[in-house]
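K.L.:
One-letter residues, chain by chain:
Number of protein chains: 2
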Amino acid sequence: MFAGILEGNAAQQRRAMAKSITLLESTRADHRAQGDALLTQLLPHTGKAFRLGISGVPGVGKSTFIETLGLYLIGQGHRVAVLTIDPSSSVNGGSILGDKTRMEQLSVHEKAYIRPSPSGGNLGGVAEKTREAMLVCEAAGYDVVIVETVGVGQSETAAWGMTDMFVLLQLPNAGDDLQAIKKGVMEMADFVVINKADIDAKAATRAEAQITSSLRLLALHGSAEQHDGRHWSPKVMQISALNGTGVDAFWNTVQAYQQLQSGNGQLHKRRQKQAMTWMWERIETGLKQAFRQQADVQALLPQLQTQVLDGQLAASTAARQLLDVYAGAAATNPQLLQSSKEGGSA
Amino acid sequence: MFAGILEGNAAQQRRAMAKSITLLESTRADHRAQGDALLTQLLPHTGKAFRLGISGVPGVGKSTFIETLGLYLIGQGHRVAVLTIDPSSSVNGGSILGDKTRMEQLSVHEKAYIRPSPSGGNLGGVAEKTREAMLVCEAAGYDVVIVETVGVGQSETAAWGMTDMFVLLQLPNAGDDLQAIKKGVMEMADFVVINKADIDAKAATRAEAQITSSLRLLALHGSAEQHDGRHWSPKVMQISALNGTGVDAFWNTVQAYQQLQSGNGQLHKRRQKQAMTWMWERIETGLKQAFRQQADVQALLPQLQTQVLDGQLAASTAARQLLDVYAGAAATNPQLLQSSKEGGSA
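Those sequence lines, one after another, are chains A and B. So the working numbering is basically just the index in the first sequence, starting at one, shifted up by 4. So the working numbering is basically just the index in the second sequence, starting at one, shifted up by 4.
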């Protein structure tokens, strides 16, 4: 698989990529060990792509935007991978057909690789699989990786945590910026793009002014770093993805960001920070999982929970009792704790 | 101590409360066991107070507001406890003197009990001590417990997670509501109070309109529950704590909230949810602590961290290796895992 990803012909490479990603998505312990070995082999060949996060509420026009941008980038000589984070895809039965319909030309282009969100598992698991798929795409030579989120819940935070630049698509509607601020998405944005500017030019200009002012107010309380020219401050612009207007200006801004943040070392720092966060998130998930699966904890938990809910036991006392039981059980029956090794994506 | 809290004379009770809270704040394992026993004894005598969270940025006038409100409530026959969540108090050397100066009359009143934030430890530890101190105050018959936060960082979330009603104090300044929305504090607020309305009546009225509109926009995307009359929707009002204007109207609103939320069962549900969250937070903290303190993990971590930062090892692979080492070590040396029982507040 490894060799196929790096140097196979186009069709062989595609098959090797699909096979690798499927292996990495498996929760079987032996697959997981093979997957880890593969990742370690791939790593030296990764990291050279630009990782672009794209977020926005349903209806904002993400698919059209990514289709337009992807074809534009291919025209410029890039190879483009599109990954999606959508923890709900397991519920609605996956989105493979969806992606092909959504990005009609891009999905069949030989210089594009589109992979829908892995299905099953919670957001943490889905995000981890997406990160690993991104590494596969990078090793295969895709030099722009777009991570798209469905724009609901915590998937934006996950996309932000694995990309070099985070773009928020907005509609020219009043109050939409408030929603984005509320969810903390506006604060994460390096670049806010008002899509569908063709529909109502006045509204789009109003939205641009409103968002610019919001970003300024948010930055007022941010770190001083953002205010000198050596660091990026978030930009706002209008486009119409449907008409293709503004896509070149969009990409120029992305390139200006990439140049600045590479030069000042922020891009490297950001990736290092993301890797550490990812490692600790994975550890915490593993610890919690082992705890919840441990037999003595499972036996005691319902009763203590009831006592806490009925006000007979302080929550902190119950927590200490459960931790003690867990520590004691791990000592006498190591196999139980070992369960943290399996089912890596939960 | 237990008897002293319930039925001692005023001076005896105060001593018993202080002694109990000090015991509960201790991280020594034997103290912790005694503390848990005390909590279990106290619990049936707790829960009858109304728990009021009060938050706002420095300078908004929290101390003056709490002094005014506290004296007003004592005048109405209540006994008032004031607890503070301030994780920074260990840095600046505690705030006991501060509290006495800040709330001059309330701090010496026999029907008030003011306890500064416990010093030392992170927010999770500080919050846990505050929760436990609250139970001591309730058992001692204080029927209004005010939990004040310093209005920075995550301390609001902690206060929200232990109170029946969360009040946000705001200044009549433009853009302040945006900050509160950004930090997620506006969304937690059951009641927003614009203080210092006496200084600039026009600005206060503008702020009230602005916040009302923000709350409406935020609620638009909230649950449908909030929109019928059987559930509370957040209120906004102006006061001047310095002049004492509006304090009776404030308390009337609090009582209306208490009545509605008791009747529809929301208050009970909220407390049950808070207790479960508290328990799981404590468990997660204990699991992480045991992991970080384990010798094999400590030996391996620096090297893996370096490999991840240098791009030689995927973060998820490093996490799995550390979890495996931890599980193996716990199996052969149970004493290491047992460390999770001690240092309960970290």
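Some hints could be false.
[What the hints assert, rightly or not] When the alpha-carbon atoms are kept at most 35 angstroms apart in a straight line, the in silico DSBU-like pairs for lysine-lysine are as follows:
| hint | chain 1 | residue 1 | chain 2 | residue 2 |
| --- | --- | --- | --- | --- |
| 1 | B | LYS273 | A | LYS186 |
| 2 | A | LYS239 | B | LYS186 |
| 3 | A | LYS206 | A | LYS186 |
| 4 | B | LYS273 | B | LYS206 |
| 5 | A | LYS52 | B | LYS115 |
| 6 | A | LYS277 | B | LYS292 |
| 7 | A | LYS239 | B | LYS273 |
| 8 | A | LYS292 | B | LYS239 |
| 9 | B | LYS273 | A | LYS277 |
| 10 | B | LYS186 | B | LYS52 |
| 11 | B | LYS277 | A | LYS186 |
| 12 | A | LYS292 | B | LYS115 |
| 13 | A | LYS292 | B | LYS206 |
| 14 | B | LYS52 | B | LYS206 |
| 15 | B | LYS186 | B | LYS206 |
| 16 | A | LYS186 | B | LYS52 |
| 17 | A | LYS292 | A | LYS206 |
| 18 | A | LYS292 | B | LYS52 |
| 19 | B | LYS52 | A | LYS277 |
| 20 | B | LYS23 | B | LYS52 |
| 21 | B | LYS23 | B | LYS239 |
| 22 | B | LYS186 | A | LYS292 |
| 23 | A | LYS206 | B | LYS206 |
| 24 | A | LYS273 | B | LYS277 |
| 25 | A | LYS206 | B | LYS115 |
| 26 | B | LYS52 | A | LYS273 |
| 27 | A | LYS186 | B | LYS292 |
| 28 | A | LYS52 | A | LYS273 |
| 29 | A | LYS206 | B | LYS277 |
| 30 | A | LYS52 | A | LYS206 |
| 31 | B | LYS273 | B | LYS52 |
| 32 | A | LYS186 | B | LYS23 |
| 33 | A | LYS52 | B | LYS186 |
| 34 | A | LYS186 | B | LYS115 |
| 35 | B | LYS273 | B | LYS292 |
| 36 | B | LYS239 | B | LYS292 |
| 37 | A | LYS277 | A | LYS206 |
| 38 | B | LYS206 | A | LYS186 |
| 39 | A | LYS273 | A | LYS292 |
No wet-lab data here; the hints were simulated from the structure.
K.L.:
Confirm or reject each hint.
P.N.:
Each hint tested on the structure:
A threshold of 35 angstroms between alpha carbons decides the hint, and for B/LYS273 with A/LYS186 the separation of about 25 angstroms falls inside it, so the pair holds. Our distance criterion of 35 angstroms between C-alpha atoms is met by A/LYS239 and B/LYS186, whose separation comes to about 18 angstroms. At most 35 angstroms may separate the alpha-carbon atoms for a hinted pair to count; A/LYS206 and A/LYS186 meet this at roughly 25 angstroms. In summary, the hint linking B/LYS273 to B/LYS206 is not supported, as the alpha carbons are separated by about 39 angstroms, beyond the 35 angstroms threshold.
Between A/LYS52 and B/LYS115 the CA atoms are separated by roughly 67 angstroms; this puts the pair beyond 35 angstroms, and the hint is violated. Pair hint A/LYS277 plus B/LYS292 holds up; C-alpha atoms about 19 angstroms apart against a cutoff of 35 angstroms. Distance check on the hinted pair: A/LYS239 and B/LYS273 sit about 43 angstroms apart at the alpha-carbon level, beyond 35 angstroms; violated. Annotation: proposed proximity of A/LYS292 to B/LYS239 is violated, straight-line Cα distance about 39 angstroms (limit 35 angstroms).
The straight-line distance between the Cα atoms of B/LYS273 and A/LYS277 is roughly 38 angstroms, outside the 35 angstroms bound, and the hint therefore fails. Between B/LYS186 and B/LYS52, the direct Cα distance comes to roughly 34 angstroms. Compliance with the 35 angstroms bound is thereby established for this hinted pair. For the suggested pair B/LYS277 and A/LYS186, the alpha carbons sit about 23 angstroms apart, so the restraint of at most 35 angstroms is met. Restraint check for A/LYS292 and B/LYS115: not satisfied, since their Cα atoms lie roughly 44 angstroms apart, outside the 35 angstroms limit.
Under the criterion of a C-alpha separation no larger than 35 angstroms, the hint pairing A/LYS292 with B/LYS206 is inconsistent with the structure, at around 52 angstroms. Proposed proximity of B/LYS52 and B/LYS206 is contradicted: the alpha carbons are some 40 angstroms apart, above 35 angstroms. Between B/LYS186 and B/LYS206, the direct Cα distance comes to roughly 25 angstroms. Compliance with the 35 angstroms bound is thereby established for this hinted pair. Distance restraint check for A/LYS186 and B/LYS52: the Cα-Cα separation of roughly 34 angstroms lies within the 35 angstroms cut-off, and the hinted pair is therefore satisfied.
Between A/LYS292 and A/LYS206, the direct Cα distance comes to roughly 51 angstroms. Violation of the 35 angstroms bound is thereby established for this hinted pair. Of the pairs offered as hints, the one joining A/LYS292 and B/LYS52 holds, with about 34 angstroms between alpha carbons and a cut-off of 35 angstroms not exceeded. For the given pair, B/LYS52 sits about 46 angstroms from A/LYS277 by alpha-carbon distance, which is inconsistent with the 35 angstroms threshold. Restraint check for B/LYS23 and B/LYS52: the C-alpha separation of about 22 angstroms stays at or below 35 angstroms, so the hint holds.
Pair hint B/LYS23 plus B/LYS239 does not hold up; C-alpha atoms about 39 angstroms apart against a cutoff of 35 angstroms. A distance of roughly 30 angstroms separates the Cα atoms of B/LYS186 and A/LYS292; the hinted pair therefore holds under the 35 angstroms criterion. With a CA separation close to 30 angstroms, the supplied pair A/LYS206 and B/LYS206 stays within the 35 angstroms bound. Between A/LYS273 and B/LYS277 the CA atoms are separated by roughly 38 angstroms; this puts the pair beyond 35 angstroms, and the hint is violated.
The straight-line distance between the Cα atoms of A/LYS206 and B/LYS115 is roughly 60 angstroms, outside the 35 angstroms bound, and the hint therefore fails. Of the pairs offered as hints, the one joining B/LYS52 and A/LYS273 is violated, with about 51 angstroms between alpha carbons and a cut-off of 35 angstroms exceeded. For a cut-off of 35 angstroms, the pair hint linking A/LYS186 to B/LYS292 stands: about 30 angstroms separates their Cα positions. The suggested pairing of A/LYS52 with A/LYS273 holds, with an alpha-carbon distance near 15 angstroms, which does not exceed 35 angstroms.
A hinted pair counts as satisfied when its Cα atoms are at most 35 angstroms apart, and A/LYS206 with B/LYS277 does not qualify at roughly 46 angstroms. Straight-line distance between C-alpha atoms of A/LYS52 and A/LYS206 comes to about 40 angstroms, which puts the hinted pair past the 35 angstroms bound. Between the alpha carbons of B/LYS273 and B/LYS52 the distance comes to roughly 15 angstroms, so the proposed pair stays at or under 35 angstroms and holds. Proposed proximity of A/LYS186 and B/LYS23 is contradicted: the alpha carbons are some 42 angstroms apart, above 35 angstroms.
A C-alpha spacing of about 34 angstroms is found between A/LYS52 and B/LYS186, which places the hinted pair at or below 35 angstroms, so the restraint holds. Distance check on the hinted pair: A/LYS186 and B/LYS115 sit about 40 angstroms apart at the alpha-carbon level, beyond 35 angstroms; violated. For the hint linking B/LYS273 to B/LYS292, the alpha-carbon distance of about 29 angstroms falls within 35 angstroms, and the restraint holds. Only pairs whose Cα atoms come within 35 angstroms are accepted, and B/LYS239 paired with B/LYS292 is rejected, the gap being roughly 40 angstroms.
Simply put, A/LYS277 and A/LYS206 have alpha-carbon atoms about 40 angstroms apart, too far for the 35 angstroms limit, and the pair is violated. With a CA separation close to 27 angstroms, the supplied pair B/LYS206 and A/LYS186 stays within the 35 angstroms bound. As the CA atoms of A/LYS273 and A/LYS292 are separated by approximately 29 angstroms, the hinted pair is consistent with the 35 angstroms bound.
Comparing the model with each earlier hint shows violations of hints 4, 5, 7, 8, 9, 12, 13, 14, 17, 19, 21, 24, 25, 26, 29, 30, 32, 34, 36 and 37; every other hint is respected.
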